[in-house]
Amino acid sequence: MITWLTIIIAGVLTYATRLSFIIFYGKIKMPAIVEQTLKFVPPAVMTAIFFPELLLDNGQLYISPGNARLLSGMLAILVAWRTKNVTYTIVIGMLALWIFQLLIN
Amino acid sequence: MQVNKSLPAVNLPRNEFLSGVKAVLPLMIGVIPFGMIYGILAISAGLPPSTAQAMSAIIFAGSSQFISAQLFALNVPAIINILTVGVVNLRHGLYSASIAPYVQKLPNHWKWVLAYLLTDEAYAVTINHYQRGDNSRNKHWFYLGSGLTLWTTWQISTAAGIFLGTSIPASWSLDFTLALTFIAIVVPALKDRASTGAAVSAGVAAVILFNLPLKLGLLAASLIGIMVGLAIERRS
Chain A
1 MITWLTIIIA GVLTYATRLS FIIFYGKIKM PAIVEQTLKF VPPAVMTAIF FPELLLDNGQ
61 LYISPGNARL LSGMLAILVA WRTKNVTYTI VIGMLALWIF QLLIN
Chain B
1 MQVNKSLPAV NLPRNEFLSG VKAVLPLMIG VIPFGMIYGI LAISAGLPPS TAQAMSAIIF
61 AGSSQFISAQ LFALNVPAII NILTVGVVNL RHGLYSASIA PYVQKLPNHW KWVLAYLLTD
121 EAYAVTINHY QRGDNSRNKH WFYLGSGLTL WTTWQISTAA GIFLGTSIPA SWSLDFTLAL
181 TFIAIVVPAL KDRASTGAAV SAGVAAVILF NLPLKLGLLA ASLIGIMVGL AIERRS
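If you read the sequences in order, they're chains A and B. Mapping to the numbering used here: the first sequence position 54 is 54, numbers consecutive. Mapping to the numbering used here: the second sequence position 231 is 231, numbers consecutive.
No wet-lab data here; the hints were simulated from the structure. Keep in mind that a hint or two might mislead.
Claimed, not checked - Keeping only pairs whose Cα atoms sit at most 20 angstroms apart, straight-line, the calculated DMTMM-like set for lysine to aspartate or glutamate is: (1) A:Lys39 to B:Asp192; (2) A:Lys39 to B:Glu233; (3) B:Lys215 to B:Asp175; (4) B:Lys105 to B:Asp134; (5) B:Lys191 to B:Glu233; (6) A:Lys39 to B:Asp134; (7) B:Lys215 to A:Asp57; (8) B:Lys215 to A:Glu53; (9) A:Lys84 to B:Asp192; (10) B:Lys22 to B:Asp192.
From just these sequences and the hints, can you work out the full model?
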């Protein structure tokens, strides 16, 4: 029961967050600075999510040739930059991770 | 076939919808394994299959579902679990603000549906489509197409993970597809110094602030990145 309640409240909270600006836009005047700010949202948020995945191991900084996730992540960044292709980036990044993990262990 | 020359074909709702589906499709290579991992994780955290699947429909936000399932396993108080999901999903408020100007003329029932479908991936392809120069008036159909594709894929892949349970070994590291998906979205979009500065500073800040409670480091790092981007743009 408490599990369901937790999920439902968390879901309502998430939905309210998603709906917030969509429903109130125009009813609240947004300063120009906010509008300029919004274009930096995707690069900032998504990089803040994936950097720790590459650079941390159990919450500790792990910069080393033994860090397979860091090596494959850097390769994936290179592939994404050169090809701009989502499929290549994910497939090559995943294959690289498996190869590096095999080599390192 | 009769073609109305004053309107480009892409303007039709059906075509917009299909373009949305097509735009988000490559991202499914990352979403499917991630959804399966969530299903596996939720089961090993002790959630019943129905509850684990319901979380995908009710919360519908991958990384927060991961964390929430782990918190269920740790038996933390419900309020902590709810707050953590809320904080991890605060970034959707930023997405909401960013997409709001483009959907403001739609009737409310569209807004309610589109808000439910506002995920990282659907947002990324849709905002890109909105910012493109052409003035198609049916771009919300593109949003619907990408959002529904993502929703369907997410439900099916989490169900597959729940069904497979613990039969996929952790050594496959399928959770890494989340990082790869975001790399594939972000890197090609870094077209100037300001956005690159925003990305790099947010990433570094997220690493430094990672151990803040309630995953607040993610939000703080995002705000730092946004401010750095703004500062670089002002100077040039």
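So, going through the hints one by one against the coordinates:
no.: 1; hint: A:Lys39 to B:Asp192; result: holds (12 angstroms)
no.: 2; hint: A:Lys39 to B:Glu233; result: holds (11 angstroms)
no.: 3; hint: B:Lys215 to B:Asp175; result: holds (18 angstroms)
no.: 4; hint: B:Lys105 to B:Asp134; result: holds (17 angstroms)
no.: 5; hint: B:Lys191 to B:Glu233; result: holds (13 angstroms)
no.: 6; hint: A:Lys39 to B:Asp134; result: holds (19 angstroms)
no.: 7; hint: B:Lys215 to A:Asp57; result: holds (16 angstroms)
no.: 8; hint: B:Lys215 to A:Glu53; result: holds (14 angstroms)
no.: 9; hint: A:Lys84 to B:Asp192; result: holds (15 angstroms)
no.: 10; hint: B:Lys22 to B:Asp192; result: violated (27 angstroms)
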